[in-house]
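We have chain A; now place chains B and C onto it with these hints.
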Amino acid sequence: MLNGRDRQLRQITWDAYSQLSLPDKAPYLNNGRRPYHVLLAQQFDRQTLDELGMLATSIRRIAKSKAGMQFLQDLLCHKRAMLYFTQPSSRTFLSFYAACQIIGLSPAEVRDSATSSEMKGEAPEDTLRTFSSYFDLLVMRTPKPGFAERIAWLLSNTERPVPIINAGSGKDQHPTQALLDIYTLQRSFEHLGGIENKNVVFVGDLGRGRTVRSLSCLLTLYPGVKQYFVAPSELQIGQDVLDQLDAADVDYEVSYDFENVIPETDAIYMTRLQDEWDKGENDATKSDNSQYFLKPEHLDKMKNTAVIMHPLPRRDEIDSRIDVDPRAVYWRQVRNGMWIRVALMASIFGKVADEIFNFYELNM
Amino acid sequence: MLNGRDRQLRQITWDAYSQLSLPDKAPYLNNGRRPYHVLLAQQFDRQTLDELGMLATSIRRIAKSKAGMQFLQDLLCHKRAMLYFTQPSSRTFLSFYAACQIIGLSPAEVRDSATSSEMKGEAPEDTLRTFSSYFDLLVMRTPKPGFAERIAWLLSNTERPVPIINAGSGKDQHPTQALLDIYTLQRSFEHLGGIENKNVVFVGDLGRGRTVRSLSCLLTLYPGVKQYFVAPSELQIGQDVLDQLDAADVDYEVSYDFENVIPETDAIYMTRLQDEWDKGENDATKSDNSQYFLKPEHLDKMKNTAVIMHPLPRRDEIDSRIDVDPRAVYWRQVRNGMWIRVALMASIFGKVADEIFNFYELNM
Amino acid sequence: MLNGRDRQLRQITWDAYSQLSLPDKAPYLNNGRRPYHVLLAQQFDRQTLDELGMLATSIRRIAKSKAGMQFLQDLLCHKRAMLYFTQPSSRTFLSFYAACQIIGLSPAEVRDSATSSEMKGEAPEDTLRTFSSYFDLLVMRTPKPGFAERIAWLLSNTERPVPIINAGSGKDQHPTQALLDIYTLQRSFEHLGGIENKNVVFVGDLGRGRTVRSLSCLLTLYPGVKQYFVAPSELQIGQDVLDQLDAADVDYEVSYDFENVIPETDAIYMTRLQDEWDKGENDATKSDNSQYFLKPEHLDKMKNTAVIMHPLPRRDEIDSRIDVDPRAVYWRQVRNGMWIRVALMASIFGKVADEIFNFYELNM
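Protein chains in written order, with the working numbering: chain A, 1 to 364; chain B, 1 to 364; chain C, 1 to 364.
Chain A with its partners taken away, still in its complex shape (with noise of 0.2 Å):
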């Protein structure tokens, strides 16, 4: 069960661990190309994403048959994963229950964001221990940043550690959801050149929207890639992305035009307005965004070989006349999820990922 690196996260206390830098924290998140535990989006180089893609697809076209299904859900027949979604989330839960369905995984759930133990005093980390200790694989949605990092730290100065997913924690960190967006973006640009050298417009709520932050840096391993972002002033993207992308050498434009963008972009990935983390009276929310909406008439304006994409649940920022147009792929993108979360967990079991190429080479 132990591999490289949980040897090395025994050899660190959190504190020290807690302090690193991301790029220095990666050897301890990403055992090379296969990540054991998935904690941040930024965990992932360029080999890995282009694996799980290829596994993803894979997956896919083998679920198609009955025999097809069969042998995957064979494949982890015998490992159980925990569902530890304390934060509500019926569509990710939803998605990844599907996903160890698809795979095999026995799922179990713990939904209550007040369990029992919490009432009896019991520290989070011991119930968390508990709970690892029926399971093979635990899925971690909760509202502490940073927790999931914290178990996955704790279960490996233990004798049964087992990987986590991080499945969203609060305002942080939601990896798998930037690797669906890669995903979607994989398959829409296949037969495009790949998504190379495309210019992605994010619209909406950048500031506060973790998916824009995850799918952005990203997007990086990516060259040629221009990234755009467009927003009311009061919503518009952090300067510390903004830093990241200079570091790195990305060309990116921030724009408060949506209209004039709209024909250059092959990718607009229109978010929603994420107001239940207000606090505060006097917010942005209040305000007019609605020339940042997506309307039927910017249909004409954008190019043939453009997507529309969206991380759901909508509010009125993209028309719903608009989801009958081929271009509009947020739909697609929710099963798209599924397929990356499938992937992701036979990635984590190693040979299963193996197994499923071998399959596919030898019957599609």
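Since the hints were made in silico from the structure, they are not lab data. Because the structure is a prediction, the values reported are computed rather than measured. Please note: incorrect hints may appear among the correct ones.
The list makes no distinction among identical chains, and a pair is therefore deemed to hold if it is satisfied within one copy or across any two copies.
[Claimed, not checked] Calculated cross-link-like contacts (lysine-lysine; reagent style DSBU-like; alpha-carbon spacing at most 30 Å): (1) K144 <-> K120; (2) K120 <-> K171; (3) K351 <-> K64; (4) K120 <-> K295; (5) K351 <-> K66.
Below, chains B and C without anything else, positioned relative to chain A:
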């Protein structure tokens, strides 16, 4: 995935569709003998009811052995079902859940009435479309009348329609309850010439009980059945139901004298006061309805071949000492609900029903 | 489905049954060596405990390989279990859930304390009888003492009795916790002559902890075991427990000096303050009990072969720095709970236990 019905639904807007009368909706709901969506009790014709009953009985017998259970579980092992129960209902939920397990459908559930997506301002239609992306069948129980129908119509306009089973929508419809009632009557009168020409008496809260309305409607498909409605005047059956019976030229009797009716009946269908729908203060609920209760002293007046049914939960309307009488079939009715739901799922994935009949002929 | 015990229960009313003393209840609960219902810790005899331990160990070793897991999952793949947990308990719930997954029992769950049926005025007995209709095994955790026993008695009077496992009933009973404690002791002293003649010390909240009461009782089955009870006076073990020990002619010691006892003990069983049961204001809860905590400095005084146990969750009574000491077995105890529950389920469906022993002899 698409079939004739779905293509038809594409050509009609929701407003136009929802204006249709029940008979005119039928072609959109009932694709010949196999229901793709199960939305209304009224969508079933006699042939479908007969086939579902035969299928349920075959399944029930096959399930008695481990080898039989393994055969059944293999049938839909490549499919996943979502049980979306935003109205609390443990019994219907567990019945569907067990039915999924028997036929091998991997179940997942949403049971919160307030999902996170609603908090984020998402339209319910988007929520359901998202959830449906991960699954091959939706079983829905919601407090909103017509909601399952609306989602069925909506998904039919997408690239990935999935069959929907209405597991109860407010006061409105509960078609699988009607199916299990019919199946219980089929089993009870299997060696007594079938349901035809039997006297069925409905007792209790007839005005508000959707199960009574649905069963009354389905019984019109069986020639010679006479229906009795026995209830205090405030709780009597609605005139619209009687009008339907008139239109179908069905014999019926409205009565206020339970004792008098008992000796004539072949099936007594007891119901519970539905006071969870009560809003007013001066409601009939407060009346003493004990003259409409079934008591041990009534048993001597009943035919030996008669059956006592109840959709459950019960309160005082059936004395628990009656439970041991062989004519009390309400506990068997509960099991019948599970079997007919397995049959329905098999029937929705058409080829599976044929496989079951074949297995039954070869092995039983 | 019926067996000797069930037929006996038929001949006795609930009132008559519930008046019986524990020994007199035994024939209704313990069908020779195989428990059909698991209701009380006291129902287990020594032979059953030995067999369950051997079975758990066989299962644990078989489960190490994928082929072994597939063998196990096939054993009860034709059965369904309902986990009815109306008292919150994620750890016990997950342990049973994982146990079901290991032995192939399809699990379903009811976790709401307020089910819709209760709102509709249904008797709890009716609710449980309905739920049991869909399943082959009930695992029940409720706040009501004796409720699992009552349902076991009730279902025995029906045509479809199903085995019941009490997963904790209020302050009353938690028999599977007692089993996992015994199994942990069996494993710990496997190469040290077994549990016989060991010194076991219970520390902490002994008056209210049901686990201590149950384990103390089961330990009387092992000759030569001396029991120590170390606690502040307000939290000391009840006189009824001591009376039982006297009756069984078991050696014990009531002590207020933890430090003094440590060097003599083979197993230290630490417990947590059960203040969730507190109602009063001036409760002992407020006292400083830190002299009954296990601290790193105690480790040097302990035997090398001693073990430290805790039913978890813990608070401050065991310093987390002790976790890495090889004598701390409380995390292994958690896993043991899962394995003994698998063994118990196998044992309930008798033939399955034999299949496991056969497989073990042939393959391991």
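Consistency of the hints with the structure:
no., hint, in the structure
1, K144 <-> K120, "both (20 Å within a copy, 19 Å between copies)"
2, K120 <-> K171, "both (28 Å within a copy, 14 Å between copies)"
3, K351 <-> K64, "both (22 Å within a copy, 17 Å between copies)"
4, K120 <-> K295, "between (52 Å within a copy, 21 Å between copies)"
5, K351 <-> K66, "both (22 Å within a copy, 13 Å between copies)"
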